[in-house]
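The listed protein sequences correspond, in order, to chains A and B.
Under this note's numbering, the first residue of the first sequence carries the number 27, and numbering increases by one thereafter.
Under this note's numbering, the first residue of the second sequence carries the number -15, and numbering increases by one thereafter.
It should be emphasised that the hints constitute simulated quantities derived from the structure, not laboratory data.
Model, not experiment: these values are computed from the prediction.
Any given hint could turn out to be false.
Result set (DSBU-like, lysine-lysine): computed pairs, CA atoms no more than 35 Å apart in a straight line [claimed, not checked]:
#1 B:245 x B:264
#2 B:25 x B:231
#3 A:284 x B:264
#4 B:78 x A:284
#5 B:216 x B:245
#6 A:127 x B:-2
#7 A:284 x B:245
#8 B:25 x A:41
#9 B:264 x A:203
#10 B:78 x A:127
#11 B:75 x A:203
#12 B:25 x A:127
#13 B:231 x A:203
#14 A:32 x B:75
#15 B:78 x A:128
#16 A:203 x B:7
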Amino acid sequence: MGLFKKILSVSFKEKSVFRFDYIVNTLYSFFSIVLKVSLWKGLYGTGGGAINGIVLNDMIVYSILSSFTQGITNTSVMNDLNSSVLDGSISSNLLLPIGLKKYMFISSVTKNIFLTVYGIVPSVLAAMLFFGFHPDIRFSNFILYLFSVIMGILINFLYNFLFGSSVIWLRNSFFLKNINSVLLNLFSGALVPLWFFPQGLKAISDFLPFRYIVFEPIAILLNTKSHEETLFVLAMQLFWITALFCAVTLVWHRGRTKIMIQGG
Amino acid sequence: MPLIQVDHVSKNYKVIVQRPGAKNVLKNIFCPETKTVQAVKNISFSIEEGELVGFIGENGAGKSTTLKMVSGILFPTSGEITVSGICPYLKREKNARNIGAVFGQRSRLNWDLSMIDSFELNKEIYRIDSGQFQKNVDMFVEMLHMQNFCHTPVRQLSLGQRMKAEVALALLHDPSILYLDEPTIGLDVLAKQQIREFIRERNRQSGMTTILTSHDMKDLDSVCKRIIILSKGSILFDGAIEHFKQKYTTTSVAEFTYAEKNTDMAAELPHRHLKVIEDKDHRLTVSYPPSEITTAQLVGMVSEYYRINDFVIKAPDIEDMVRGIYEREMK
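The following block holds chain A by itself, in its conformation from the complex:
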């Protein structure tokens, strides 16, 4: 815990050097919410009717919540792993008496806490004031949401770590990064909630971990699930964490022997 606190305070100190960064971050995140909400307003038109039983207000609420949820579950570990393997700086991490996965997880989470506090929270609050935010949230759902989001953070981290590790073999995985961001944006529900997915896409999303990162936690928060469905989501999240964790362990067992440190 001491280590976590120290890394957190270091990453706040470090980031506060670049003040301009988080102003830009806040604006970026605010305008992406504006864009999403405007899009839904346009699609719904002025009629005020419901599509698939979902009204415009639900979509405003969903847009704001999905920006927030995507923000806190986000991780740059695939990038970090990629560049540190390619430029050899991973050797510095490997000299530390701490597991690489654990160290990168702490770094990723602390970095995100900073971005959440300084970028996402202000922009989400601004969007709430700007568009109005009238959700129907119960306290018990909020607690379940928190649980679910923490598992979402773990799933996204492990997934990114797993595919980021491919750089050891491929020596280059920038194309994976692009594929990944498309998959994440589409299947996590960050852009469009899974409610609107055609059957085919929905079926695919059932077999992928992405929906458990953004969409399902919000679905729980908005009380759209029965008790059984909620339990099923939490169980699936646990399943994905376990599966990805095993895969990462297996891949690194092989990968560690293959790592090359380039550039001296």
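Given chain A, work out where chain B should sit, using these hints.
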């Protein structure tokens, strides 16, 4: 049992060969052509506790690769390594507690923060006791003369200042072994000297074992008692630095400036081991084996042919000897 034991270790790299030309782009992505490079070839050595060992070798000789295997970052392709009774790459985290390492240009400091901030982060990572931490920081800051830049962001430090901070950072947790890869590269004379003095002092105080690689022969001459010379992944020499000098010092060079020439010495050499390298513009350069000709004899001989104004003897440095060994190897 020695502290560090390296047994028949080899390391091969697979390098991807990029085929040139636009039509090969897809081919390069989907079936890359690889080439195996042997960085280290079947080397063995052992190092006892408290030793100061220097690795010498040309670029790509396998020094850094060896150091990275011994420190647990890389896995050897074959062979075995034991450090303090454990395998450094299989028990990487346990081994990391026991060692300190500075790998040349690879900074372990956080560039946006001051060095003290990085020190404090390492205090948590290595779980260093607060009292011990403060004692070490105070001692290192004084020994390396770092008082002026403790709280300056690392980004603004000079290379010399940064390197001192890197070395101090690597030693905060009192490791029993220190690995230094090119610790003085690009530093000014004073900074080099302070870092060398610091390493020697730590070795005296706590018996810390040190392995360093360097291109600066003065580093090795002033810090190390033993050297290992690597070339193309194999060990050429492993032994005491004094022994190395005796074995490979064959010639010294002397440079005379003279006012007048009586007879041309190059024509009738007074000693069969004496060689004239150059004789022009009132400047004479000769080479001679110090084992055969003493300085007094040399001056005596030369003064029979020239009216000498001044002379300088260039002691052979390790660099010249190593070059000699390489050249012999090349043949």
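Would the hint linking residue 25 (chain B) and residue 41 (chain A) be met if the CA-CA limit is 35 Å? With Cα atoms ~45 Å apart, residue 25 (chain B) and residue 41 (chain A) exceed 35 Å; violated.
Does residue 25 (chain B) pair with residue 231 (chain B) here, judged by a C-alpha cut-off of 35 Å? Answer holds: residue 25 (chain B) to residue 231 (chain B) is near 25 Å, not above 35 Å.
Check the hint pairing residue 32 (chain A) with residue 75 (chain B) against an upper bound of 35 Å on the C-alpha distance. With a Cα-Cα distance of about 25 Å, the restraint between residue 32 (chain A) and residue 75 (chain B) holds, given a limit of 35 Å.
Check whether the Cα positions of residue 231 (chain B) and residue 203 (chain A) lie no farther apart than 35 Å. violated, 57 Å
Is it true that the CA of residue 284 (chain A) sits at most 35 Å from the CA of residue 264 (chain B)? At roughly 58 Å apart (the allowed maximum being 35 Å), residue 264 (chain B) and residue 284 (chain A) break the hint.
Satisfaction of hint between residue 264 (chain B) and residue 245 (chain B), Cα-Cα up to 35 Å: holds, 11 Å
Taken at face value, is the distance from the CA of residue 7 (chain B) to the CA of residue 203 (chain A) at most 35 Å? holds, 24 Å
Is the straight-line distance between the alpha-carbon of residue 264 (chain B) and that of residue 203 (chain A) 35 Å or less? violated, 67 Å
Verify the proposed pairing of residue 127 (chain A) with residue -2 (chain B), using a straight-line Cα cut of 35 Å. Since the Cα atoms of residue 127 (chain A) and residue -2 (chain B) sit roughly 25 Å apart, the hinted pair holds (cutoff 35 Å).
Residue 284 (chain A) and residue 245 (chain B) were given as a pair; does the straight-line alpha-carbon distance stay at or below 35 Å? violated, 67 Å
Does residue 127 (chain A) lie within 35 Å of residue 78 (chain B) when you go C-alpha to C-alpha? Within the cut-off at roughly 16 Å; holds.
What's the verdict on residue 75 (chain B) and residue 203 (chain A), does the C-alpha distance respect the 35 Å limit or exceed it? Distance ~32 Å between residue 75 (chain B) and residue 203 (chain A) Cα, so the pair holds.
In summary, the numbered hints that this structure violates are 3, 5, 7, 8, 9 and 13.
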